[in-house]
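A.B. asks: Sequence:
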Amino acid sequence: MTQQLSLLGEERKATEAAVRAESKSAATNYPSKANTQCARILAVLERAARSGEGWVSLPAILSLYIANYRMRITELRRAGHNIELRDEWIDGQRHTAYRLVR
Numbered sequence: 004m005t006q007q008l009s010l011l012g013e014e015r016k017a018t019e020a021a022v023r024a025e026s027k028s029a030a031t032n033y034p035s036k037a038n039t040q041c042a043r044i045l046a047v048l049e050r051a052a053r054s055g056e057g058w059v060s061l062p063a064i065l066s067l068y069i070a071n072y073r074m075r076i077t078e079l080r081r082a083g084h085n086i087e088l089r090d091e092w093i094d095g096q097r098h099t100a101y102r103l104v105r
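In terms of my numbering, the sequence shown has 5 at position 2, counting the first letter as 1, and numbering is strictly consecutive.
Heads up, a few of these hints could be off.
[What the hints assert, rightly or not] Simulated restraints on C-beta separations: (1) ALA52 / ASP90: 29 to 39 Å; (2) GLN96 / SER66: 32 to 42 Å; (3) THR39 / ASP94: 14 to 24 Å; (4) THR39 / TRP92: 28 to 38 Å; (5) THR39 / GLY95: 35 to 45 Å; (6) VAL104 / PRO62: 33 to 43 Å; (7) ARG43 / GLY95: 16 to 26 Å; (8) ARG53 / GLY95: 32 to 42 Å; (9) ASP94 / SER66: 19 to 29 Å.
Hints were generated in silico from the structure; no laboratory data involved. A quick note: this is a predicted structure, and the numbers were derived from the prediction, not measured. For each residue, glycine too, the CB sits at the ideal point set by N, CA and C.
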């Protein structure tokens with residue numbers, strides 16, 4: 004009986020590990036929620052690049068409601084996307100924007 008319970012426990016652990024592995028990206032090794040956030044940021048950057056606008060303002064990125072947007076951009080960079088940052092000071096205010104370079 005104890006041996007059966009032990010085997011069931013090991014099987015459960017293996018199943019949980021497999022589920023965790025499926026929900027993580029091979030490139031970033033982060034949960035799929037983070038990858039969804041990366042995909043949303045990447046979609047905005049790609050749309051701006053295609054339309055010729057190029058730069059995406061920080062307020063536009065913040066409107067995606069991604070609290071840790073800088074980490075998601077870092078993950079995209081690590082995945083091979085070339086993302087530039089531009090900071091400008093206008094009338095004492097900092098204006099930040101990002102763009103995807105192809």
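A.B. asks: Run every hint past the structure and note whether it holds.
C.D. replies: Each hint tested on the structure:
1. ALA52 / ASP90: 29 to 39 Å: violated, 19 Å
2. GLN96 / SER66: 32 to 42 Å: violated, 18 Å
3. THR39 / ASP94: 14 to 24 Å: violated, 36 Å
4. THR39 / TRP92: 28 to 38 Å: Holds, since THR39 and TRP92 (Cβ atoms, about 33 Å apart) stay within the stated range.
5. THR39 / GLY95: 35 to 45 Å: Because 36 Å falls inside the window, the suggested range holds.
6. VAL104 / PRO62: 33 to 43 Å: violated, 21 Å
7. ARG43 / GLY95: 16 to 26 Å: Violated - the Cβ-Cβ distance for ARG43 and GLY95, about 31 Å, lies outside 16 to 26 Å.
8. ARG53 / GLY95: 32 to 42 Å: At 34 Å between Cβs, range holds.
9. ASP94 / SER66: 19 to 29 Å: holds, 23 Å
Comparing the model with each earlier hint shows violations of hints 1, 2, 3, 6, 7; every other hint is respected.
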